[in-house]
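One line per chain: the protein sequences are H and V, in this order.
For the first sequence, numbering that gives the first Met the number 0 puts the final residue at 228, and the numbers step up evenly by one.
For the second sequence, numbering that gives the first Met the number 0 puts the final residue at 222, and the numbers step up evenly by one.
Don't read these hints as lab results, they were simulated from the structure.
Note that the structure is a prediction, hence the values are computed from the model and not measured.
Treat the hints with care, since some could be wrong.
[As the list claims (entries may be wrong)] Pairwise CB distance ranges, derived in the manner of DEER restraints: (1) V:98 - H:20: 24 to 32 Å; (2) V:63 - H:67: 55 to 63 Å; (3) H:37 - V:115: 30 to 38 Å; (4) V:115 - H:176: 47 to 55 Å; (5) H:139 - V:181: 55 to 63 Å; (6) H:131 - V:98: 45 to 53 Å; (7) H:164 - V:59: 21 to 29 Å.
Where is the CB? At the ideal position from N, CA and C, for every residue including glycine.
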Amino acid sequence: MRRWVRVLAMLIAKELRLEARGKELSVLLLCTSIITSVLVGAGVSGAVLQPDVVPRLFPMLLWIVFLLSTTSASVRGNEHENEGRGYEGLLLCGVTGAQMYVAKVVVWAIIFALNWVLLCSLLGIALDQNLISVAGGLLVVGLLASLVLASLTVLTSAIAASAALRGAILPLVTLPLLFPLFFAGIELTTAVMIVGSVDLSSMWVGIMVVSFTLFGLVGINTYHEVISE
Amino acid sequence: MNRSSTLVEVSGIVKAFGEHCALNSVSLSVCQNEVVLLLGANGAGKSTLLRIAAGLSRADRGLVDVCREPCVGFCSHHGSLYAKLTVRENIALTARALGVSPQEVQDACSTWGIDKYCTKEVRELSKGMYGRVALARTFLGSPRVVLLDEPSSNLDQEGVDILCSKVSAGATERAVVIATHDISRLQDVATRVVVLERGVVVADSLNNSDRGEVLAQFYGASR
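Pulled out of the complex, with its shape left as it was, chain V reads as follows (with noise of 0.2 Å):
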């Protein structure tokens, strides 16, 4: 793999909350072309190296380098959609913000297949509808990095399903990190494997050649 263009390079980030410490000298770099799952048991620390990553959380030492050009793709566990308005104006906010025409709006709402809830304040929506939403909104503007944390965690099969298709589309331009547990539906769609464990990075699939073994030691892991 070509690993020339990297656009997501975070290196030594520790971070603590009060006596725990989330992340411990987490170094990660994803280039172009990659799609990363980030493994790890709850806690393990992957919301908050997204969250770093992303730009929404500061890390306390270590240095973040990610492209943000257009935008970081970053959809959260909240979603970061405003609950009292409605669907098409949650992603109309975000499309005026990066100057993406009414077209894309439109053809986003089509491929999620949520233009049917357009009206809908987006507090009124099943999760499933919510993530999708939520997701529909991260990929506008078509940004060179996204960053999902549980994803798939509301989604039924047909989310997921478009949810794989967009991941695989772009993936030619851009870097995508998934912190997931979901990791039946998602690992196809990854390149690559990555394991934290306590604010670790224990095991890399870049480094191990066989990404069977690194899912197997985070199987033996979690167990």
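So that you can see chain H by itself, here it is in the shape it has in the complex (with noise of 0.2 Å):
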């Protein structure tokens, strides 16, 4: 066991590292959270709506942002396996794809949840919505989202590494698996928004552990199949 969790923090500082040096999800991510929170705040102010309109299509839209921009960054995520197939070495060294997956689920899962501080700064800002009374209960949402997209598109990604269309086809595939976190995320976001803080007993929290955990398991039952031929 304790091999077991040192191969694993091993694979998650070479993930940590692989991503800093190329950049290849965290850029996406940031150009497209960037580019649609500013089209979706000028949208939405170009559309002369009621002010008291604006704070209950807040969660909506946040959440909207939020999974188009990852599960269409997600689609670079992977490039660093298969510049130089450097996952074969490890798999032949006993490395295994459970090990593998958790790795890269933990890294994604730190991006994305930075993703979406940074999406929750930008859209209050262009929608003119003052969060800090409700930071808390948005980071929480944000963490529990991210664990749940981390677990699928990790997943979804490897399937779609060598596909021609990947760029399209991926986040056609995993935007319908992500229907329960979306309504799930974006009744959460509106009861933080009303009181405040994250009722953790809630359906919707539950969606969101179901998901992960659903994703997580055949995630890592399937990962070595799934990156090998």
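Hints in hand, dock the two standalone chains.
Okay, here's the thing in structure tokens:
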């Protein structure tokens, strides 16, 4: 068990190092997040909406932008594995697909959570919403959502890695699987905007936990098959 | 030769890519102390056979039994390296996964003449140096089975000499299979020659006592 954890820590460090050098995922995420936030902000501002409507629209807009940016950016997340097929060297020396999957989920979840913070800030400014008082609740929702998203996109991006049209295929495959997360996220974010905190016993948190467990179990048990020929 | 300890045993391997049959009922057993040169024209199925033996690709049919203790040393065309990691980081990754000491990592870097490039990302290296790093990684942890796919294709003579000495040095403890076209530079290190043609083993010096005959047959077929 200690060796399993040691190898996992090594893989997490490797993923962080590769992302820090290549910035495959983070740069694309940053760009799509900024562009879509500006577009949404400009669209809503130009839509001549009553000021009291905007707070009610905010959670949905936040989630649309969050899911679109993360699923489209995840296309690039697997590029460094394909460049020199480094994963093959790891598989041959006993590293399991499960370890590789968990390491990627951890790192991607961190990046997605940072993107969530960025998006909340950008959309908060664009739509003139004061989110400071609900920042704690939003962060909890963002962390939960990032884990669910990472557990799914790590798997789907590896599945789509050799597909010619993966840029288009990946969001199409991933988004329908994220509908439960989308609805749960909107409900939780709305509740946070009203109450200021997350009710951890709510059904929506349960949906996120179940989704994470389900995607995680599938990923752990199939990642090796997915990346092998 | 004592063939009691078989380290690589593939039997009746069939592998197709769509309509193309890459391997058609290939059987090969390699024992400890053997260095096999696997010859064949492009598309003969050499790389496919090695990938299946390494466990990186699955055969459609057939049995694969390869000694995986402590690991399988496999060097592919790609090198199995992370382009944006440095030489040291790439080798350390394998070393830590295998529990190899830092001293052994240092020794490997010195042996392969890559210690000057340790802090360079492997994507910045020449193809020859990239090949050396891939080979250094392959031999880490003293694998009992080493599978090399075109290992000398980008190596200079010094690199080939290091490869040959590395293969010879541990030959009694391991089984080595080298898929290559570089017969002239590698035949001295080989104890056996096997020829693949369109996914079928057509010659094996284990059965034909004269290795020269097998090589002549290969040269004849490839002309």
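Hints, one by one, checked against the model:
| no. | hint | verdict |
| --- | --- | --- |
| 1 | V:98 - H:20: 24 to 32 Å | holds (26 Å) |
| 2 | V:63 - H:67: 55 to 63 Å | violated (44 Å) |
| 3 | H:37 - V:115: 30 to 38 Å | violated (48 Å) |
| 4 | V:115 - H:176: 47 to 55 Å | holds (49 Å) |
| 5 | H:139 - V:181: 55 to 63 Å | holds (60 Å) |
| 6 | H:131 - V:98: 45 to 53 Å | holds (49 Å) |
| 7 | H:164 - V:59: 21 to 29 Å | holds (27 Å) |
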